[in-house]
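S.K.: Make the full structure from the sequences, and use the hints.
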Amino acid sequence: MSNRSSLFAQRTAAQRAYAEKRITQKQYEDVLTAIERQEKLRQEQQSNTLKKVHMATKRLLKA
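Per numbering that gives the first Met the number 0, the very first residue in the sequence shown carries number 0; after that it's consecutive.
Treat the hints with care, as some may be off.
Pairwise CB distance ranges, derived in the manner of DEER restraints [claimed, not checked]:
id : residue 1 : residue 2 : range
1  : N2        : K50       : 35 to 41 angstroms
2  : R36       : L60       : 34 to 40 angstroms
3  : L59       : K39       : 29 to 35 angstroms
4  : R15       : Q45       : 26 to 32 angstroms
5  : K61       : A8        : 42 to 48 angstroms
6  : Q9        : K57       : 35 to 41 angstroms
7  : L49       : Q26       : 31 to 37 angstroms
8  : A18       : M54       : 45 to 51 angstroms
9  : E19       : K61       : 44 to 50 angstroms
10 : R58       : T23       : 50 to 56 angstroms
Calculated directly from the structure, the hints in this document are not laboratory data.
All of these numbers come straight from a predicted model, not from anything done at the bench.
Even for Gly, the Cβ is constructed at its ideal location relative to N, Cα and C.
M.R.: Set out below in structure tokens:
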């Protein structure tokens with residue numbers, strides 16, 4: 000959950016920096032792209048963990 004909060008904070012900070020013209024539109028878009036990649040990675044890792052737990056549970060139930 001803290002990772003999700005961190006990504007939200009990063010997005011908010013980027014929006015503020017862009018609104019205050021401290022970063023360019025290109026920099027802002029680059030930050031958003033990086034955040035989206037981080038979110039996808041987190042989702043994939045979470046999905047992989049759930050799959051592993053599911054498979055381990057199935058193995059335990061068969062035993």
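S.K.: Would you pick out the hints that fail for this structure and give their numbers low to high?
M.R.: 1 and 9
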